[in-house]
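K.L.:
Build the full structure now, drawing on both the sequences and the hints.
With our numbering, letter number 100 in the sequence shown gets 100, and the count goes up by one each step, no holes.
Take the hints with a grain of salt, since some may be wrong.
Simulated restraints, written as ranges between beta carbons of each label pair [as the list claims (entries may be wrong)]: (1) Ala343 - Asp98: 22 to 32 angstroms; (2) Lys340 - Ala37: 43 to 53 angstroms; (3) Thr319 - Thr43: 34 to 44 angstroms.
Simulated from the structure, these hints should not be mistaken for lab results. Think of the CB as a built atom: it goes at the ideal place given N, C-alpha and C, for glycine as much as any other residue.
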Amino acid sequence: MDTHQLHSTLMNKNLKHKILSLLFLFLSCKSFLTPSATVAKSTGLRAPDYSSAKDWLVLPSKSTKANEIPENGPWKENQKNAEVDVFYIHPTSYLKGDLWNADLDDEKLNFRTEDRIGRKQVSLFNSVARIYAPRYRQAVLASFFEENREKGDEALALAYGDIRTAFKYYLENQNKGRPWILAGHSQGTRHAVQLLKEFQNDKIFKNLVAAYIIGFPFSKDEVSFPFCKSEKETGCIITWNTILKGTEPTHLKESFETAECVNPLTWKMDGVYGPPELHLGGVGASFKLTEKKLLGAVCEKGVLYIDPPKSKQFKPIGTGNYHVYDLGLFYGNIRDNLEKRVASYLSGKK
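P.N.:
As structure tokens, this is what we get:
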């Protein structure tokens, strides 16, 4: 390993340690993460200009870390030739700050978002789709604390306003009638569900390949689209929330009572256990595809319960919470399914 690689590895490990430490504080010391300013001060932040490339985390025309392929990964980046698009809404990377919403010009935050999310999440799509992932004035992590519900909802409303603006810009200037995928994780999924509600009658949804909206519980009553029940079904929703078998959700408990779950090992909702033999490798703390057969999983009561992963790359937050790795644990399976589902959609249109 040369000096550059060593430095990069240490940076990634330090970054991951910082993120996990702050998320642990989410469970143990919420007041530490709650902003001191009023939510109104967030409105003074610069609003995004989506005609400018700088306010997009990822664009097909930008060279970003979302273009990378994990070490040991068999895929090839192919945005230039892709026949579909993906509109990706990233999760919360603004973990702590004085304001309730992120500053678009915060260079450290922007780097962290691209390094952690652009590389390890958005890259999932780079072999099958042109990627459009907006930056937005995301709500801070503390917005999801029950005791901050009123302020949190205000911060999330501002964040959704940016996503709505970005989506409309994408509709009017970038999509041009192409098939597309809606995707998101965590806070991004919350905003994606709102898009599904608000724009459900827009003609663009006739070209929806699928919605991969993971890491935030919601019910079938909140959306008018069906949930996917097979690996090649299109025009449907895929969602799950990852918890270690033998533990229970510690956050948003009531939401899980009516939440839906599609098993990323079987791509079904039948509650049947997917054995480790179906696991195609993950991406954890390092950007390297792990060995296959790390875990089995089953959907029960709106939760994806997993076996303990056979890799040190994946460590839970607190007791059994694998939210950070909702996508990473199943990186290989998701990429494999994207190829199959996109091919199924395109073959049906010929």
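K.L.:
Taking the CB of alanine 343 and the CB of aspartate 98, does the distance hold inside 22 to 32 angstroms?
P.N.:
At 47 angstroms between Cβs, range violated.
K.L.:
Can the suggested window of 34 to 44 angstroms be confirmed for the beta-carbon pair threonine 319 and threonine 43?
P.N.:
Given range 34 to 44 angstroms: holds, Cβ gap about 38 angstroms.
K.L.:
Within 43 to 53 angstroms or not, the Cβ separation of lysine 340 and alanine 37?
P.N.:
Cβ of lysine 340 to Cβ of alanine 37: about 47 angstroms, so the range 43 to 53 angstroms holds.
Hint compliance for this structure: hint 1 alone is broken.
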